[in-house]
Amino acid sequence: MDEKTEKGSPYVIEMLHITKEFPGIKANDDITLQLKRGEIHALLGENGAGKSTLMSVLFGLYQPEKGEIRKNGKVVKIKDPNDATALNIGMVHQHFKLIEVFSVLDNIILGAEDTKLGFLQKKEARRKVKALSERYGLAIDMDAKIEDITVGMQQRVEILKMLYRDNDILIFDEPTAVLTPQEIVELMQIMRNLKAEGKSILFISHKLNEIMEVSDRVTVLRKGKYIGTVETKDTTKEELSRMMVGRPVQLVVEKDEAKPTDTVLKIDSLTVASKIHKNNAVKNVSLSVRKGEIVCIAGIDGNGQTEFVHALTGLEKPVSGKIELLGKDITKFPIRKRSLAGMSHIPEDRHKHGLVLDFTLEQNMVLQRYFEPRFQKAGFIKFSEVRRYAEGLIEKFDVRSGEGPVTPARSMSGGNQQKAIVARELDRDMPLIVAVQPTRGLDVGAIEFIHKQLVEERDRGKAVLLISLELEEVMNLSDRILVMYEGEIVGELDPKKTTVEELGLYMAGAKRQDREVKE
Amino acid sequence: MKFRKFLNKNGTRSLLATLISILIGLIAGAITILLVGIFDQKLGLREAWKGIRLIFFGLFSDGVDKAGNLLFGFNTTNIGDMLFRATPIIMTGLSVSLAYKTGLFNIGASGQFLAGTTAALFLALKIPTTVVPAWIVWIIAFLGGMLAGALWGALPGLMKAFLNINEVLACIMTNWLAANIVTWVFEGSGLQCTEGTKTQVIWKTAHNGVSNPKFGLDKLLPGSSQVDGGIIIAIIFAVLVYILLTKTTLGYELKACGSNRHAARYAGIRDKRSIVLSMAIAGALAGLGGTLYYLSGTTEFHWQTYMALPGEGFTGIAVALLGACNPIANIFTGMFLSTLDVAGSKLSFFTEYNEYITDVIIAVIVYLSAFSLFIKLKITKWLKIKEPSKLGKPEEIKAPPAENTRKEGEA
Numbered sequence: 007m008d009e010k011t012e013k014g015s016p017y018v019i020e021m022l023h024i025t026k027e028f029p030g031i032k033a034n035d036d037i038t039l040q041l042k043r044g045e046i047h048a049l050l051g052e053n054g055a056g057k058s059t060l061m062s063v064l065f066g067l068y069q070p071e072k073g074e075i076r077k078n079g080k081v082v083k084i085k086d087p088n089d090a091t092a093l094n095i096g097m098v099h100q101h102f103k104l105i106e107v108f109s110v111l112d113n114i115i116l117g118a119e120d121t122k123l124g125f126l127q128k129k130e131a132r133r134k135v136k137a138l139s140e141r142y143g144l145a146i147d148m149d150a151k152i153e154d155i156t157v158g159m160q161q162r163v164e165i166l167k168m169l170y171r172d173n174d175i176l177i178f179d180e181p182t183a184v185l186t187p188q189e190i191v192e193l194m195q196i197m198r199n200l201k202a203e204g205k206s207i208l209f210i211s212h213k214l215n216e217i218m219e220v221s222d223r224v225t226v227l228r229k230g231k232y233i234g235t236v237e238t239k240d241t242t243k244e245e246l247s248r249m250m251v252g253r254p255v256q257l258v259v260e261k262d263e264a265k266p267t268d269t270v271l272k273i274d275s276l277t278v279a280s281k282i283h284k285n286n287a288v289k290n291v292s293l294s295v296r297k298g299e300i301v302c303i304a305g306i307d308g309n310g311q312t313e314f315v316h317a318l319t320g321l322e323k324p325v326s327g328k329i330e331l332l333g334k335d336i337t338k339f340p341i342r343k344r345s346l347a348g349m350s351h352i353p354e355d356r357h358k359h360g361l362v363l364d365f366t367l368e369q370n371m372v373l374q375r376y377f378e379p380r381f382q383k384a385g386f387i388k389f390s391e392v393r394r395y396a397e398g399l400i401e402k403f404d405v406r407s408g409e410g411p412v413t414p415a416r417s418m419s420g421g422n423q424q425k426a427i428v429a430r431e432l433d434r435d436m437p438l439i440v441a442v443q444p445t446r447g448l449d450v451g452a453i454e455f456i457h458k459q460l461v462e463e464r465d466r467g468k469a470v471l472l473i474s475l476e477l478e479e480v481m482n483l484s485d486r487i488l489v490m491y492e493g494e495i496v497g498e499l500d501p502k503k504t505t506v507e508e509l510g511l512y513m514a515g516a517k518r519q520d521r522e523v524k525e
Numbered sequence: 136m137k138f139r140k141f142l143n144k145n146g147t148r149s150l151l152a153t154l155i156s157i158l159i160g161l162i163a164g165a166i167t168i169l170l171v172g173i174f175d176q177k178l179g180l181r182e183a184w185k186g187i188r189l190i191f192f193g194l195f196s197d198g199v200d201k202a203g204n205l206l207f208g209f210n211t212t213n214i215g216d217m218l219f220r221a222t223p224i225i226m227t228g229l230s231v232s233l234a235y236k237t238g239l240f241n242i243g244a245s246g247q248f249l250a251g252t253t254a255a256l257f258l259a260l261k262i263p264t265t266v267v268p269a270w271i272v273w274i275i276a277f278l279g280g281m282l283a284g285a286l287w288g289a290l291p292g293l294m295k296a297f298l299n300i301n302e303v304l305a306c307i308m309t310n311w312l313a314a315n316i317v318t319w320v321f322e323g324s325g326l327q328c329t330e331g332t333k334t335q336v337i338w339k340t341a342h343n344g345v346s347n348p349k350f351g352l353d354k355l356l357p358g359s360s361q362v363d364g365g366i367i368i369a370i371i372f373a374v375l376v377y378i379l380l381t382k383t384t385l386g387y388e389l390k391a392c393g394s395n396r397h398a399a400r401y402a403g404i405r406d407k408r409s410i411v412l413s414m415a416i417a418g419a420l421a422g423l424g425g426t427l428y429y430l431s432g433t434t435e436f437h438w439q440t441y442m443a444l445p446g447e448g449f450t451g452i453a454v455a456l457l458g459a460c461n462p463i464a465n466i467f468t469g470m471f472l473s474t475l476d477v478a479g480s481k482l483s484f485f486t487e488y489n490e491y492i493t494d495v496i497i498a499v500i501v502y503l504s505a506f507s508l509f510i511k512l513k514i515t516k517w518l519k520i521k522e523p524s525k526l527g528k529p530e531e532i533k534a535p536p537a538e539n540t541r542k543e544g545e546a
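If you read the sequences in order, they're chains A and B. 7 is the number of the first residue of the first sequence in our numbering; add one for each residue after it. 136 is the number of the first residue of the second sequence in our numbering; add one for each residue after it.
Heads up, a few of these hints could be off.
[Stated by the list, open to error] Lysine to aspartate or glutamate pairs mimicking DMTMM-like chemistry, simulated, CA-CA at most 25 Å apart:
#1 B:Lys516 to A:Asp86
#2 B:Lys516 to A:Asp465
#3 A:Lys297 to A:Asp89
#4 B:Lys511 to A:Glu27
#5 B:Lys382 to A:Glu391
#6 B:Lys516 to A:Glu409
#7 B:Lys407 to A:Glu322
Hints listed in this document are in silico derivations from the structure and should not be mistaken for laboratory results.
Can you make the complete structure from the sequences, with help from the hints?
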C-alpha cells in the first residue's frame, strides 16, 4: 500500500458518478458515494432505489457504464468479487451466504483455508477467529453447526468472515431486517466496536431509527438518482424520509376512533403443540376480533405467535380449542375452505408461504383465486383475465417490477413482493384479515402505504388481526393490544392509555393481568 | 437488434445449449470411432470414415454397393424404425419431464414402464379375441397398461407425501420390485407363445391378433419397419402434457406445489394430493411407453432379460433433460436419440464396428445435457461480453422500471 496516497485522501472508498443501466431502467444514474476512513456511512433509499445495484458495482458483480471507483484516492478497476476482496472490501449480504451443515469455524475459513499437503490446518485459524471474536465482542460457538444457531449468531459469523479476511471496508446490506429487537441492539454495538477499531462501514438500510442511532453520515438515493449526503447529527427522521420518498411521509398513521360492531372471529381456549419442544407453543388462548377494529397480538418473536397463526389459518392442527368465524365453527376446516369462509392471510414469511418465487407476478396474484370461475373455465386458466386482474392490482397497489405482470417473483425487491401479497390478500375482500408482520423489512414509504390500507380496511368494516414484533407498529396501528408471552395472552392493553415501557414489561413477562375474553 | 433480442430469449438459449450438447456428443462419437479405427487392424481409416458418416447420416443410410461403399438416400424403413423406437422413449421422457416440472425427480420410469408392459401384455394375451373384438382388447390393454404405470408411479408419490421419503430412493425400490414381479408373474403365467425354432418362450400380442392401430403410417412409410400409430399417440400425449402443464388449473397447482410446497399449502392446494397425482400421471406416461411398444404386436418380450431394468426408463431421463423438460421438445429429443439408435444398427450392419458405440455418444450427450444449464450460462455470458450494456439477465434486475405511477413531489 502506498503510504502517501493513503494519507492524501480522507476517503477510503469513493464511487464517483456511477451510472448503471439495465434494459429499460437506469438503476444507478450518476451516483456519488464517498466513504470516509473510520466512519459509519448509511446508504438510505426505498426498496428498488438502486442501493443493491450500487453495492453490486462496488463488489464487482456489475460493471458500470460510466463513473469510476477510487480506493484511497487511486482509481481502481473492480471486475469481479475477487478484485473487491483483494481491495479488502467485505460484505454481509441480507440473506446470508453460509453452508448450513458446516460448523461456524468451517464457514469462516471457507475459501481462505490454510492447507498443508492438501490437509486443512485449522489450529491457526481457530486461534485467529478466537482473537477476533474477543477483540470485537462477537460471541460465537466455533463448533456449532450453522443450522443450529440463531439468525443473529449467523450474522456474527458473516461479520467474522469479513474480519478473518482482514477486510477494512465492511458493507452491511440491510443487516437488521432479519434480526429481533435485542439482536439489533447488539449489532449496533458491534458496529460501533468495529468503527472504534478503525474499520469503515457502509450501512445499507431504510430503517430511520437505526440510521439515526448509529451512522455518522447518510447518503440518500431515490429511484436510481443521488439525492444528497447529510451529517446525521444535523438531520431528522422527517427530513431523511422526505429525501428518500420525495414527499413528506406520515410516520404515524392517521386514524379515527374505532367503531367495532359484531364479532367476526372468536377463539376459545386454543392450544397448539410446539414443533421444537415438548410443551405447547400456544396455551389456552381465547380472544375475539370484531368488525371495524384492529386487534394486535404483540410479543417478542418466538412466543407462540407463529404457531397461533398457523392453527388459526389451518396450516397446523391445534391440540384443542375452538375457532369460530362469523359464527361458523371452522376448527376442523381444511385451509381452502377456511379461507373461503372469510379469511385473508398475509403470512409471516413471504418467501416460504406468501409467494411461489418461480412463478411470475401475475401467477402469484391469483394464487388464492385461480380456481374461481372468473379465472378458469373447465379447468383451463383464462390467461387474459389473469393478466387484466394482475395489471389492475399492480396499478392500484403500486407494485413495481422490471417486467410488470410477467416478472418472475424471485427477481422483485422484498418490498414489492410484500406489496404484491398485501394486494392479493386485501383484494379478496374477506371479513377477517390476518396480517402477520405485514411491514417486515419494508421502507417507510411502503410501511405508510400498508398501514393506510389496513386502516382503510378497518374503516370499511373489516376485522383485522395484526401480529407484530415492532413496538412502533403495535402502538400506532392497533385499537386493542393483546400481549403474548410464552404462548399465553398475558395482558390486554389500550394503546391510548399505555406506554411503550409498560408494553415492554408485558412482552418480557415481567407483568401480567388476569383477563376475561369480551363477548 | 432483433436477432439479439431473439438470442436473449430464454427458450432460444435453452435450445442453443441443447444443440451444442448434441454437437459435442456427435463429435465425441466421431473421435471414438476414429480412435478405435486407428488402433484396430481390422478397421483402419477407411472403415472409420464410413463409421463417422454413419454416425451423422445413419438415418439416410441405404445399404452398400458391390464395392462395399456406403449408399445414402431417403429410406422409409429407416424413418419408420426411427419413429417406432422413438415412441417408448418419448413417453418415458414425458414422464420424467412432467415430474421434473412439478418438482419431482422420477427415476422410476423403468419400473413404471415394466408395470405398464406387464399389464398390457397380460390383458392383450389373456382376453380371447374370439370372444371380444380385437380393438376392444387393445383399448383394455392400453388403459390397463396406463393404470398399472400410474399405480407404480403413485407408490413413491405416496411415500413422499405421507412418509417424507425421498422419491428418488422410493423409485429405485419400485424399479426393482417391478423387475422381480415381472419375472414372477410371467414364470407362473402358463402363457406360452413359442415360435418356430426359437427356444425361448416369448410374448407377442400378434399371437392374439392385438396390435396398435397403424393410422396409415405403414402405407406412408412403406418398407420393413415396425412403425405404427404409437408415435402419433405419443405426440398427442406430448401435446396433452404441454397443455396440462401450461394451460390448466391442475397444472398450476402441481407446479405451485412442486416449486414451493409451503406456499401451495398456504393457498389451500392439497400438497399431498398434488405430489401423489404428479407421480401417478408421470407413472401413467411411462407405463404407456411400455404399453405402446409391446402392443405393436410384433415386438417380442423376453421376461428373462428383465432381471435387469429396461433401458427406456433411463433413456427417458436423457430425452427429458436434453429437451429442457419441455414436453414438445421431448418429441424431437426422443426422435433424435432413436435416430442415433438406428445409426447404431447401421454401424454394425455395414461396418466392423460394434453398435454400442452409439451408446458412447448417447452417454456423452446425456452428460452434457445435465450440463446444459451450465452451457446456457456460458452462452449468456458470451453474449453479454459481446454487448455488455444491453444484455442484463432480467432475473438480476432489482430496480424498478423507469415509468412508475407514484406521484413525484419535490426533493
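To see whether the hints hold, each was checked on the structure:
Distance hint between lysine 516 of chain B and aspartate 86 of chain A is fulfilled; the C-alpha atoms sit about 14 Å from each other, no more than 25 Å. Of the supplied pair hints, the one linking lysine 516 of chain B and aspartate 465 of chain A is violated, its CA atoms being roughly 53 Å apart against a limit of 25 Å. A distance of roughly 58 Å separates the Cα atoms of lysine 297 of chain A and aspartate 89 of chain A; the hinted pair therefore is violated under the 25 Å criterion. Our distance criterion of 25 Å between C-alpha atoms is met by lysine 511 of chain B and glutamate 27 of chain A, whose separation comes to about 23 Å.
Between the alpha carbons of lysine 382 of chain B and glutamate 391 of chain A the distance comes to roughly 13 Å, so the proposed pair stays at or under 25 Å and holds. Only pairs whose Cα atoms come within 25 Å are accepted, and lysine 516 of chain B paired with glutamate 409 of chain A is accepted, the gap being roughly 21 Å. A C-alpha spacing of about 14 Å is found between lysine 407 of chain B and glutamate 322 of chain A, which places the hinted pair at or below 25 Å, so the restraint holds.
In the structure shown, a violation is registered for the earlier hints numbered 2 and 3, in ascending order.
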